[in-house]
Amino acid sequence: MTVIKTSIGRRSFLKTSALAGGGMMLSFSWLAGCKPPDETVALPKEWFELNGYLKIGDNGLVTIMSPNPEIGQNVKTSMPMLVAEELDVDWKNVIVEQAPLNTSIFTRQLAGGSQSISQGWKSLRMAGATAKRMLREAAAKAWQVPVDEVTTEASMLYHKASGKSASYGEMASAAAKIEVPAEVELKNNSNFKIIGTSRNNVDGQKIVTGQPLFGLDYRKEGMLIAMIAHPPAFGMKLKSVDDTQARNMPGIKDVFTIKTYPEEYALQWCDVDSFPELVVVVGNTTWEVMNARKALKLEWEQFPDHELTSSTFWGTAVKIKVPGGLENSTQHTKVMAEFSAKAGNVVRKDGNPEAVFKKAAKVVERSYAAPFLAHNTMEPMNFFANVTDDKAELVGPIQTPEFMEKSVAAILNLPLEKIDIQMTRQGGGFGRRLYGHFLVEAAVISKRIKAPVKLIYTREDDMSFGVYRPAYHALYRAALDENNNLIAFHVKAGGIPESPLFANRFPAGAVDNYLAESWTASSNISVGAFRAPASNFIAGAEQSFLDEVAEAAGKDPIQFRLDLLDRALNKPVGEKNDYEAKRLAGVLELVRSKSNWGQDMPNIHRGVSAYFCHDSYVAHVIDLKVESGKPRVEKVHCAVDCGIVVNPIAATNLVEGGSVDGIGHAMYSGLTFTNGTPDQTNFNKYRLIRHKEAPKAIDVHFVESDVDPTGLGEPPFPPVIGALANALYKATGKRHYQQPYLGEGITLG
Amino acid sequence: MATFNLNVNGKKQAVDVDPETPVLWVLRDHLDLVGTKFGCGMAQCGACTIHIDGTATRSCMLPVSSVGDQKITTIEGLSEKGDHPVQKAWLEHDVPQCGYCQAGQIMSAAALLKENPTPTDEQIETAMNGNICRCGTYVRIKAAVKTASKNLNA
Chain U
188 MTVIKTSIGR
198 RSFLKTSALA
208 GGGMMLSFSW
218 LAGCKPPDET
228 VALPKEWFEL
238 NGYLKIGDNG
248 LVTIMSPNPE
258 IGQNVKTSMP
268 MLVAEELDVD
278 WKNVIVEQAP
288 LNTSIFTRQL
298 AGGSQSISQG
308 WKSLRMAGAT
318 AKRMLREAAA
328 KAWQVPVDEV
338 TTEASMLYHK
348 ASGKSASYGE
358 MASAAAKIEV
368 PAEVELKNNS
378 NFKIIGTSRN
388 NVDGQKIVTG
398 QPLFGLDYRK
408 EGMLIAMIAH
418 PPAFGMKLKS
428 VDDTQARNMP
438 GIKDVFTIKT
448 YPEEYALQWC
458 DVDSFPELVV
468 VVGNTTWEVM
478 NARKALKLEW
488 EQFPDHELTS
498 STFWGTAVKI
508 KVPGGLENST
518 QHTKVMAEFS
528 AKAGNVVRKD
538 GNPEAVFKKA
548 AKVVERSYAA
558 PFLAHNTMEP
568 MNFFANVTDD
578 KAELVGPIQT
588 PEFMEKSVAA
598 ILNLPLEKID
608 IQMTRQGGGF
618 GRRLYGHFLV
628 EAAVISKRIK
638 APVKLIYTRE
648 DDMSFGVYRP
658 AYHALYRAAL
668 DENNNLIAFH
678 VKAGGIPESP
688 LFANRFPAGA
698 VDNYLAESWT
708 ASSNISVGAF
718 RAPASNFIAG
728 AEQSFLDEVA
738 EAAGKDPIQF
748 RLDLLDRALN
758 KPVGEKNDYE
768 AKRLAGVLEL
778 VRSKSNWGQD
788 MPNIHRGVSA
798 YFCHDSYVAH
808 VIDLKVESGK
818 PRVEKVHCAV
828 DCGIVVNPIA
838 ATNLVEGGSV
848 DGIGHAMYSG
858 LTFTNGTPDQ
868 TNFNKYRLIR
878 HKEAPKAIDV
888 HFVESDVDPT
898 GLGEPPFPPV
908 IGALANALYK
918 ATGKRHYQQP
928 YLGEGITLG
Chain D
10 MATFNLNVNG
20 KKQAVDVDPE
30 TPVLWVLRDH
40 LDLVGTKFGC
50 GMAQCGACTI
60 HIDGTATRSC
70 MLPVSSVGDQ
80 KITTIEGLSE
90 KGDHPVQKAW
100 LEHDVPQCGY
110 CQAGQIMSAA
120 ALLKENPTPT
130 DEQIETAMNG
140 NICRCGTYVR
150 IKAAVKTASK
160 NLNA
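Residue numbers (my numbering), protein chains in the order written: chain U, 188 to 936; chain D, 10 to 163.
This is chain U alone, in the form it adopts within the complex (with noise of 0.2 Å):
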């Protein structure tokens, strides 16, 4: 049993009581999951709040606030899955709701870094145990009995040695004055009843049905349409606007530019100033701004090179150089290829990699790039405002609420406590919402208006807006002996304009010389984090490089990783590994041991990778079948270790999707450049996995772990490009060193 300290504290109770309770919550009930699951059952007439994470019908029915943007990593089921376990409440009496962003109450209200589950750990599960605590005390105290003495289950209330009992919905009132314990007692994760056990999506009635849900939905009475035209190319700014004929169209109420963020405003980390003015149409009607914003005259000319102050996600101020200029991919490529000749900055190194790589028996090297990519959240960038003289009421998809307000409340000059971010569920995040300019923009546009707005950017506003993932490079080399033993490895590389190493990684602390070097090559062109930042890369060119590197020892792929994990866990070199050796080979052992690995199969051709990121560990084997000359993945087999797992359906679906995420990537999707105009702008020439491309089956095994969770939104994507590579090899006989690997002349399906 741990124990820990409450945090949640009288005056985060009163303060949420406020916002939560009465006609508050009713301005935004369409956001909410209110409806009972079962519709027989009646609202309560009263609810009594026990906490700001919960209150509780009178009938019994408990609403749980999930704090965290859902991007469809199913946090807004499994977040207040982890409140009412230790509630001990009847999930099918649980109602979840959306919490509006309140930092007096939750903490980290963000969607990023696959975080959510195991930063909430503790807190969720307190607030849980927490208002169970305060229910057996109003208990004990009207039964007269010992607080120790008073059990609880699936909503009730028990005192066994009188027989009495009583259910939360009567206890709830009571409770609601007990005073909130200092501290509580967790469950021991033996004692878990609903963690661990599949609950389905809590909005799943409500997607199925096409009730108004995301951003783009978003409704209110006065409510105009806004929508922006930004510079076609990174690298230019806006020089003359000629709206005569826009503004004259119907429907349309305005046209006029902002500058996004003002000349004083300091950059943080999750602000995008590629584009720092923008021309804006505002109408009545979608399609009526849409046909005004065709009929602008625009002018665009280059900006110089010029330098940007930001701040990093920690708050350290960073000088940005941007250059000036039109970019190319056919340059940036050019750029890449002189970057990976020279030397990089040194970032690890371990024993003398020189010296044994001119004395090694044998020595492979290969160099693997990769190109920008777009987020293409289904959903596009959207974001309501109604920003009054006094306060700033946004509604909309973003994952990073918190840093926003801050924002905002910088650029309109608004105490923090008069934003009041509501956070609808998100049509896909991906990383692109972490990075809210268009929350922003809504915000101006609302501001210079004077009215309700909804900004919408379309898909080719989306795709041609930035934040991409960055293009990158990584150069290998291994060193064998006579004996086939990896005696030293090299890493060098780096990205336009971020490296994507990570230096002290696995097959780091497993080899005894070890070299690894970044280098970064500067540009206009606006990137972020795009799921499993640089391990979207990195992850594929390793494991396929170890692959050639395990063929030129003559070694089975999963044998030759294992023996430099048990190497690694038994003797490693350095102390910086930042992974634990044995987890990373417990998911190998899984996925090898699940899939048969080593049976041959006619026509099965199979690919294997492990990779550890997020904290936690995913290993794939594919099986490629090759059929009328076009291979098709048969089936993924995937191993993952990402501790204790919370609701296994929902994290089944999880790591399916992130490895056809991973496969539709590695295999189809690229942003090139032309004079900075990127090349591809909609789905037509942008290509994204399609069901015909998709593997026909994913079997997903998780190991059984006590340890508490660890990342699952990212960790799946990264290996699986890796055994893509492995498998396209043993099918096709030709490996593969760029993505997309569809311009290689292959195509899946």
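Treat the hints with care, as some may be off.
Which residues of chain U face chain D? A partial, calculated answer using Cβ under 8 Å [what the hints assert, rightly or not]: (1) T444; (2) V847; (3) T868.
Listed next, the stretches of chain U that the computed footprint assigns to chain D, with coverage defined by at least 3 CB atoms under 8 Å from CB atoms of chain D [said to hold, decoys possible]: (4) 471–477; (5) 505–511; (6) 560–573; (7) 828–842; (8) 883–889.
Quick caveat, the hints were computed from the structure, so don't treat them as lab data. Just so you know, these numbers come straight off a predicted model, no measurement behind them. Beta carbons are placed, not taken as given, at the ideal position from N, Cα and C, and that holds for glycine.
Dock chain D against chain U, hints included.
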């Protein structure tokens, strides 16, 4: 601007709009039926799929003037109680991740099963290929279509 008398989910609806307005935006902006989603605006992703006289159609490039008296069915009108076999199968398989594309997927699947109640895997893939799921729920979608097919024919 012109007035169009539409038949949407069995209900007569009059709208006064530019004849070129895509049905998608008539539904979303004028009729407050937002279940039909905007994804690409060029009939490439399938998020806007509706039924026109029972046939799966992308509404984002379909001018309202071309509909006439054909019956428009949206996700909101697929079933009265949200219990169409396809919707039920979607819940049973817990298909959605973000959920944004799923209305379009469901509309494509429902139209397929109406035309072909027992599709093969290949027929499912072909019929659904115009619907992108960025979260990658394809395997579950296929399983759900098969479950719906089984239940329809039970």
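Review point. Among the hints numbered above, which are violated by the structure, and what are their numbers in rising order?
Key: Violated: hints 1, 3, 5.
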